[in-house]
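A.B. asks: Below are the chains, spelled out letter by letter.
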Amino acid sequence: MIDLEERFERAWAGEPAHVDLELRLAGGRTRLRRRRLAVAGGALAAAVALSGGAAVAIGVVAGHDPGHGPGPAGSPRDAGLPRPVDPDEPSGARGVEVAQTVLDLKRIDPVTNAAYTDDGRVVVRPGWLVTQKIDDVYVAPGKQAAIGLEITNTTTLEAEWYYLQWGEDGSSSVNRSWPQANPGMTLRGWMPGAPGSRSRP
Amino acid sequence: MKSADRDAAYVEFVVSRQTRLRRAAYAMCGDWYRADDLLQTALTKLYVAWPRLEREGGEDAYVRKILLSSHLDHVKRASSRREVVSEVVDSPHASLTGAADDRDELIAALQRLPEMQRKVVVLRQVLDLSVEQTAAELGIATGTVKSHHSRGVARLHELLTETLAQEERR
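Protein chains in written order, with the working numbering: chain A, 42 to 242; chain B, 61 to 230.
Read the hints as simulated data drawn from the structure, not as lab findings. Since the model is a prediction, treat every value here as computed from it, not as a measurement. Heads up, some of the hints might be wrong.
[Claimed, not checked] No farther apart than 35 Å at their CA atoms in a straight line, the calculated lysine-lysine pairs in the DSBU-like style are these:
no.: 1; chain 1: A; residue 1: K184; chain 2: B; residue 2: K125
no.: 2; chain 1: A; residue 1: K184; chain 2: B; residue 2: K206
no.: 3; chain 1: A; residue 1: K147; chain 2: A; residue 2: K184
no.: 4; chain 1: B; residue 1: K125; chain 2: B; residue 2: K206
[Claimed, not checked] The following residues of chain B were derived to be distant from chain A, with all beta-carbon distances above 12 Å:
no.: 5; residue: D67
no.: 6; residue: V71
no.: 7; residue: R82
no.: 8; residue: A87
no.: 9; residue: D91
no.: 10; residue: R94
no.: 11; residue: A109
no.: 12; residue: A169
no.: 13; residue: E197
C-beta atoms are modelled at their ideal positions from N, C-alpha and C, and glycine is treated no differently.
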């Protein structure tokens, strides 16, 4: 009879070291900060919606032609207000744009395919799809944001990994690798602080 | 709650639980790095919910639930993308320990169990939950837990015995 408990104990023998506790905390703090921003964004949108509604009501009372007032096209929804962000949204569904201006394209190093813009947006070169995105990553001192990305070329289906960092002064750093160069490893495992990382950005 | 107090309590919880939780994740997914991803996801969400959970209790159940649901989400996403591992060129885990072969047999056998059997075996064997706790965690009857557990363990014995017999024939 096989002793399952003993087999489990042997199975744990090769487990890698844990991520540094500071990184565990950093992940939590980043997520908490994003959630608070999302709540604040939602409250702002609601406040503007309310004040917009009040303005319409005042306009009607004052005898303005509603046809010239804020109609559907001028509604808060279409006014470019910040959309509340759901931090639980699946990776790759938000926060990264395909570069659409020459300025954004210039921010992407000619030999890479993803970058932070000066104002902290993340852009990828046209022809690439974000197939994985990790937000709660280590942010080095002096930087204000960082992100892990796996992007896939829509033609060749080749994937690349990026660990990008951004500072409010417009500085940024790019580290790139490829899944095939890190067999058996995940994107998170490749990024700084992961246990047993073989190639560090 | 002050930020420093919150962090201290959270860190204490993480230090005391992370090894067992990651082992459970590893038993569910069969990959240490994926297990670490799952654990980090669960602990990150735990940090956000920490003040409420510390006030109301249920930190352990919360983090276990996130761990299991994150694993399921990953399986669903992988399935929808039809991921196929064509060739394992070089497993970084194999070099980590001489016990890698044994570990792989057991963990590989676990991966062959139906999802619910695997969950029950992991919750009972790895996280040491009682039948009642497991039932509450998975939202199933205690009788169903017992049934899944006995079938799962029996199947594991079969699979490991088969592997052993194959090795002896070589």
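A.B. asks: Look at each hint and say if it fits the structure.
C.D. replies: Against the structure, the hints:
no.: 1; hint: K184/A with K125/B; result: holds, 33 Å
no.: 2; hint: K184/A with K206/B; result: violated, 52 Å
no.: 3; hint: K147/A with K184/A; result: holds, 21 Å
no.: 4; hint: K125/B with K206/B; result: holds, 20 Å
no.: 5; hint: D67; result: violated, 6 Å
no.: 6; hint: V71; result: violated, 6 Å
no.: 7; hint: R82; result: violated, 7 Å
no.: 8; hint: A87; result: violated, 8 Å
no.: 9; hint: D91; result: violated, 8 Å
no.: 10; hint: R94; result: violated, 6 Å
no.: 11; hint: A109; result: violated, 10 Å
no.: 12; hint: A169; result: violated, 9 Å
no.: 13; hint: E197; result: holds, 19 Å
Against the hints set out earlier in the document, violations occur for numbers 2, 5, 6, 7, 8, 9, 10, 11, 12.
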